[in-house]
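Number of protein chains: 2
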Amino acid sequence: MYGIILAGGSGSRLWPLSRELYPKQLLKINTDKSLLEMTYLRLLDITDEKNILSITNAKHFSDVKTQLSSIAKDPILLSEPTQKNTAPAISVSVKYLLDKGKDDVVLVVPSDHIIKDNKKFKEAVEKAKKLAKEDFIVTFGIKPTAPETGYGYIKSSKKAGDFAFKVDEFKEKPDAKTAAKYFKNKNYFWNAGIFMFKASVFMETLKQFAPEIYEITQEFNFKKDSAIEFTKFDKMPSISIDYAVMEKAKNIVNVPIDCGWNDLGSWDAIYEINKKDKEGNVKIGTTMTEGCKNSFLYSSNRLVAGVGLDDIILVETSDAILACKKDKTQDVKKVFDKLKEIKDETHLVHTTVYRPWGYYTVLNQGDGYLTKMICVSSHGQLSLQSHNFRSEHWVVLSGCARVTLDNKNYILKPGSSIDIPVKVKHSLGNPYKEELKIIEVQKGDKLVEEDIIRYKDIYGRVKA
Amino acid sequence: MYGIILAGGSGSRLWPLSRELYPKQLLKINTDKSLLEMTYLRLLDITDEKNILSITNAKHFSDVKTQLSSIAKDPILLSEPTQKNTAPAISVSVKYLLDKGKDDVVLVVPSDHIIKDNKKFKEAVEKAKKLAKEDFIVTFGIKPTAPETGYGYIKSSKKAGDFAFKVDEFKEKPDAKTAAKYFKNKNYFWNAGIFMFKASVFMETLKQFAPEIYEITQEFNFKKDSAIEFTKFDKMPSISIDYAVMEKAKNIVNVPIDCGWNDLGSWDAIYEINKKDKEGNVKIGTTMTEGCKNSFLYSSNRLVAGVGLDDIILVETSDAILACKKDKTQDVKKVFDKLKEIKDETHLVHTTVYRPWGYYTVLNQGDGYLTKMICVSSHGQLSLQSHNFRSEHWVVLSGCARVTLDNKNYILKPGSSIDIPVKVKHSLGNPYKEELKIIEVQKGDKLVEEDIIRYKDIYGRVKA
Numbered sequence: 002m003y004g005i006i007l008a009g010g011s012g013s014r015l016w017p018l019s020r021e022l023y024p025k026q027l028l029k030i031n032t033d034k035s036l037l038e039m040t041y042l043r044l045l046d047i048t049d050e051k052n053i054l055s056i057t058n059a060k061h062f063s064d065v066k067t068q069l070s071s072i073a074k075d076p077i078l079l080s081e082p083t084q085k086n087t088a089p090a091i092s093v094s095v096k097y098l099l100d101k102g103k104d105d106v107v108l109v110v111p112s113d114h115i116i117k118d119n120k121k122f123k124e125a126v127e128k129a130k131k132l133a134k135e136d137f138i139v140t141f142g143i144k145p146t147a148p149e150t151g152y153g154y155i156k157s158s159k160k161a162g163d164f165a166f167k168v169d170e171f172k173e174k175p176d177a178k179t180a181a182k183y184f185k186n187k188n189y190f191w192n193a194g195i196f197m198f199k200a201s202v203f204m205e206t207l208k209q210f211a212p213e214i215y216e217i218t219q220e221f222n223f224k225k226d227s228a229i230e231f232t233k234f235d236k237m238p239s240i241s242i243d244y245a246v247m248e249k250a251k252n253i254v255n256v257p258i259d260c261g262w263n264d265l266g267s268w269d270a271i272y273e274i275n276k277k278d279k280e281g282n283v284k285i286g287t288t289m290t291e292g293c294k295n296s297f298l299y300s301s302n303r304l305v306a307g308v309g310l311d312d313i314i315l316v317e318t319s320d321a322i323l324a325c326k327k328d329k330t331q332d333v334k335k336v337f338d339k340l341k342e343i344k345d346e347t348h349l350v351h352t353t354v355y356r357p358w359g360y361y362t363v364l365n366q367g368d369g370y371l372t373k374m375i376c377v378s379s380h381g382q383l384s385l386q387s388h389n390f391r392s393e394h395w396v397v398l399s400g401c402a403r404v405t406l407d408n409k410n411y412i413l414k415p416g417s418s419i420d421i422p423v424k425v426k427h428s429l430g431n432p433y434k435e436e437l438k439i440i441e442v443q444k445g446d447k448l449v450e451e452d453i454i455r456y457k458d459i460y461g462r463v464k465a
Numbered sequence: 002m003y004g005i006i007l008a009g010g011s012g013s014r015l016w017p018l019s020r021e022l023y024p025k026q027l028l029k030i031n032t033d034k035s036l037l038e039m040t041y042l043r044l045l046d047i048t049d050e051k052n053i054l055s056i057t058n059a060k061h062f063s064d065v066k067t068q069l070s071s072i073a074k075d076p077i078l079l080s081e082p083t084q085k086n087t088a089p090a091i092s093v094s095v096k097y098l099l100d101k102g103k104d105d106v107v108l109v110v111p112s113d114h115i116i117k118d119n120k121k122f123k124e125a126v127e128k129a130k131k132l133a134k135e136d137f138i139v140t141f142g143i144k145p146t147a148p149e150t151g152y153g154y155i156k157s158s159k160k161a162g163d164f165a166f167k168v169d170e171f172k173e174k175p176d177a178k179t180a181a182k183y184f185k186n187k188n189y190f191w192n193a194g195i196f197m198f199k200a201s202v203f204m205e206t207l208k209q210f211a212p213e214i215y216e217i218t219q220e221f222n223f224k225k226d227s228a229i230e231f232t233k234f235d236k237m238p239s240i241s242i243d244y245a246v247m248e249k250a251k252n253i254v255n256v257p258i259d260c261g262w263n264d265l266g267s268w269d270a271i272y273e274i275n276k277k278d279k280e281g282n283v284k285i286g287t288t289m290t291e292g293c294k295n296s297f298l299y300s301s302n303r304l305v306a307g308v309g310l311d312d313i314i315l316v317e318t319s320d321a322i323l324a325c326k327k328d329k330t331q332d333v334k335k336v337f338d339k340l341k342e343i344k345d346e347t348h349l350v351h352t353t354v355y356r357p358w359g360y361y362t363v364l365n366q367g368d369g370y371l372t373k374m375i376c377v378s379s380h381g382q383l384s385l386q387s388h389n390f391r392s393e394h395w396v397v398l399s400g401c402a403r404v405t406l407d408n409k410n411y412i413l414k415p416g417s418s419i420d421i422p423v424k425v426k427h428s429l430g431n432p433y434k435e436e437l438k439i440i441e442v443q444k445g446d447k448l449v450e451e452d453i454i455r456y457k458d459i460y461g462r463v464k465a
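Going down the list, the sequences are from chains A and B. The opening position of the first sequence corresponds to residue 2 in our numbering, with each subsequent residue numbered one higher. The opening position of the second sequence corresponds to residue 2 in our numbering, with each subsequent residue numbered one higher.
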């Protein structure tokens, strides 16, 4: 069995914890594993690493790769040159499997949902496998636990075998009244976007119902290359797999599943899945409450205090704070969209940015200067690089740094410092066990991440 | 006429903007002047700088002096060695005036209230002056605008001359029911803690009703010295002037005053005095709202976003965030007290600390290191100092630094850096027009502000 993990997705509804460049699947909320990592581990329990293909888009590639590399030796990861919807991502991924000679049953899963009961999930997958082998396309319908308006629904009333149902119809996100009706009716299931099919069956179905996508998909040849070409992929329409294929397919069945699934689509969902104290509060990080109830306090850095709050979501990050009434969490997207419109950076990135070698945090920024704390993991190594518009000054806080500057090597201990002039090739590495922390002071008129010319990189970030 | 400004006070109810070491009177909320500065300017409009005496306590002395020095050439400032209540502060201040041969009318004002209509205040002061000259003690009763439970009241029903009333009784903070009753009755006024009397009359009244305080007060001799001695002051009881004197005095009259007074005793008071948008929101700093009403959003550094909030106070500072239901702002003190109890530094100081030469901001702290941004004003000069437990490393971000290190002088331009070893005498100055900004990296096992030995200081912080 093969697995396709859809690791695209955006970061608007869980802002300010999620960002455009740090979407939901990468988040670790009160856990040591991200949703993406948990998804990958869930598949690793079913099949082997070499049978799991993840697909993300270029802007998330580095972060997705870093996370997957923390649990898999050599995770297969495709990168979409532009962000499209699920139909192109799944089609290209299936083509990849077929080109690699892997025409077997494929399980497609989103990477930004939570599943609490992995055992039940695995059992359902085992059942579905039989149906997929009989050339059915299987969708996994979730038994609704509330009249949700935020999900699409699957209507399926007639049995198809022992544990599956025929799919009558896919239903779009309903209004409150319709959702209440669906909830009372046992024939309606949430559409979780989890599918299973034989690769060749999917491709035939695609050919039949979405010939445009099929044609473009055929242009890719993964036999000789593993990269998705921009010129071809850009011709793809931006359309979901539901619209493009599933809603039209005839050979589709529903395997109902009750596995504690939640798409964590908004802050109130995050509140719901967490353990509450006796006042109904969820508190994560450094928090303090006085007379609060049914509220959610999340601190990533600073002290967050609530007084007399009721049904309030309060989220603190390094550069943005959100306070939101619990029944208005869908409107967080509006704030995100406004920030994007006015080009406020808080929609885009965090002040702490993860890299394959560790992370950096922007501490302070002013006219002509920028200061960062750079943390290099044991055996981490920044690329050999130079900058056209900035000089840098490094002071070691803890650990030991191996610095290459203009072809000379230096070992810097805590308290030592070094100047990196403009345009001079340099590199920072940590060949030791202890984590390395340095303060970097950048000076220059143009202080942007993009001012970086890479010459050598152990993480493959230099194109040949 | 003389003025005594009471500049003690604590920082619990407006936390996290106020701190134990940065109390309410020092705050500039949506204004360019602090409450203390506005109080001083209000008195400067009535009398001369040399007739205004301010009294604060040792822990606030430096900040109070820095603020007063920004508006007065040589402000007279007494410092209480320990924090007592208002009776000792006023008694010692009056003794100071008498010792300096200044037995005239004295106006006593708190420094942490707001008065919107300075003209009406000045008019009332002029009227009161006549009464004070006739040996009355004058209190200024504020005409209530709401049934406040947070203030003490003055009951005064019978006329005493054209514009004053006899004081029947001082009333403690009432419960809601009693406050409603007071509010309907035109004989009740808020006690604003503003008084006026002849210095010698006060001292006689003190002798009569608070002989213990009077005796200790007489031990001070400001003819030869201007410092308050700890050994004497520490014997003072901690008691308010109302309890000690005013409630007992017979020669006390009330001059009602309607001058837009507010003691800004809690966050809802701050909300009330600020201009609202059409949804009833007050927004200060970088804020964004989506469907909020009657709420208060305050950002000092980071973006603060509110979604669907109603009657919520949201305050952001560098190291602590507060969200509070508007009718629960009195309970902010409980959070403050808890933080103090668990020795959480956020009750005590801000990450940005003001100094006579400028300010510094703690950017980052970790095991064995601490990084600050230090900003030195034009012509600012840090003391000549050394540290027993830390080395320092300075990188100039902008402006130019004059550094003295081990008796040698250096001029550092942006991008340059210098190492300050443990125990070596050093000093940092900015003799230029442009503000100087540097990054300081401290290294050592014991990184506390107290590890500073001063040898020379242009602000008088070195004791002879």
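Treat the hints as calculated values from the structure; they're not laboratory data. One should not assume that every hint holds.
No copy labels: a pair is met if it fits in one copy or bridges any two.
Stated by the list, open to error - Under the rule of at most 30 Å between Cα atoms (straight-line distance), these lysine-lysine pairs were calculated in the DSS-like manner: (1) LYS277 <-> LYS160; (2) LYS236 <-> LYS130; (3) LYS117 <-> LYS339; (4) LYS447 <-> LYS434; (5) LYS339 <-> LYS277; (6) LYS277 <-> LYS344; (7) LYS233 <-> LYS279; (8) LYS101 <-> LYS172; (9) LYS66 <-> LYS144; (10) LYS276 <-> LYS339; (11) LYS178 <-> LYS249; (12) LYS172 <-> LYS34; (13) LYS66 <-> LYS236; (14) LYS294 <-> LYS334; (15) LYS134 <-> LYS144; (16) LYS335 <-> LYS276; (17) LYS279 <-> LYS414; (18) LYS66 <-> LYS344; (19) LYS447 <-> LYS60; (20) LYS426 <-> LYS414; (21) LYS327 <-> LYS276; (22) LYS29 <-> LYS134; (23) LYS276 <-> LYS424; (24) LYS236 <-> LYS434; (25) LYS277 <-> LYS294.
These are the hints, each one checked on the structure:
1. In the homo-oligomer, the alpha carbons of LYS277 and LYS160 never lie at most 30 Å apart, since the shortest distance is 39 Å inside one protomer and 61 Å across protomers.
2. Proximity of LYS236 and LYS130 under a CA criterion of 30 Å is satisfied in neither setting, with 33 Å inside one chain copy and 86 Å between copies.
3. For the homomeric pair LYS117 and LYS339, neither the shortest alpha-carbon distance inside one copy (34 Å) nor that between copies (36 Å) is at most 30 Å.
4. Only between protomers do LYS447 and LYS434 lie at most 30 Å apart by alpha-carbon distance; the minimum there is 25 Å, versus 35 Å within a single protomer.
5. For a Cα distance limit of 30 Å, the shortest separation of LYS339 from LYS277 across copies, 22 Å, qualifies, whereas the shortest one inside one copy, 32 Å, does not.
6. For the identical chains of this complex, LYS277 and LYS344 are inter-copy neighbours only, at 26 Å across copies versus 37 Å inside a copy, given an alpha-carbon limit of 30 Å.
7. In this assembly of identical chains, LYS233 and LYS279 lie within 30 Å of each other by CA distance neither inside one copy nor across copies; the values are 56 Å within and 51 Å between.
8. For a Cα distance limit of 30 Å, the shortest separation of LYS101 from LYS172 qualifies neither inside one copy, at 35 Å, nor across copies, at 88 Å.
9. When the C-alpha separation of LYS66 and LYS144 is checked against a cutoff of 30 Å, the pair qualifies neither within a copy, at 33 Å, nor between copies, at 68 Å.
10. In this homomeric assembly, LYS276 and LYS339 come within 30 Å of each other (Cα to Cα) only across copies, at 24 Å, whereas the closest approach inside a single copy is 32 Å.
11. In this assembly of identical chains, LYS178 and LYS249 lie within 30 Å of each other by CA distance solely inside one copy; the values are 26 Å within and 69 Å between copies.
12. In this assembly of identical chains, the alpha carbons of LYS172 and LYS34 never lie at most 30 Å apart, being 33 Å within a copy and 60 Å across copies at closest.
13. In this assembly of identical chains, the alpha carbons of LYS66 and LYS236 lie at most 30 Å apart only when taken from the same copy (26 Å versus 69 Å across copies).
14. In this homomeric assembly, LYS294 and LYS334 come within 30 Å of each other (Cα to Cα) both inside a single copy, at 25 Å, and across copies, at 19 Å.
15. Within a single copy, LYS134 and LYS144 get their C-alpha atoms as close as 24 Å, which meets the 30 Å cut-off; across copies the closest is 85 Å, which misses it.
16. In this homomeric assembly, LYS335 and LYS276 come within 30 Å of each other (Cα to Cα) both inside a single copy, at 28 Å, and across copies, at 25 Å.
17. Taking the closest pair of Cα atoms, LYS279 and LYS414 never come within 30 Å of each other, the shortest separation being 49 Å inside a single copy and 58 Å across copies.
18. Proximity of LYS66 and LYS344 under a CA criterion of 30 Å is satisfied intra-copy only: 27 Å inside one chain copy versus 42 Å between copies.
19. In this assembly of identical chains, LYS447 and LYS60 lie within 30 Å of each other by CA distance solely inside one copy; the values are 22 Å within and 43 Å between copies.
20. For the homomeric pair LYS426 and LYS414, the shortest alpha-carbon distances inside one copy (21 Å) and between copies (24 Å) are both at most 30 Å.
21. Taking identical chains as interchangeable, the C-alpha atoms of LYS327 and LYS276 lie at most 30 Å apart whether they share a chain (16 Å) or sit on different chains (27 Å).
22. When the C-alpha separation of LYS29 and LYS134 is checked against a cutoff of 30 Å, the pair qualifies neither within a copy, at 36 Å, nor between copies, at 71 Å.
23. In this assembly of identical chains, the alpha carbons of LYS276 and LYS424 never lie at most 30 Å apart, being 52 Å within a copy and 52 Å across copies at closest.
24. When the C-alpha separation of LYS236 and LYS434 is checked against a cutoff of 30 Å, the pair qualifies neither within a copy, at 48 Å, nor between copies, at 59 Å.
25. In this assembly of identical chains, LYS277 and LYS294 lie within 30 Å of each other by CA distance both inside one copy and across copies; the values are 10 Å within and 28 Å between.
Figure legend: structure checked against the earlier numbered hints; hints not met, in rising order: 1, 2, 3, 7, 8, 9, 12, 17, 22, 23 and 24.
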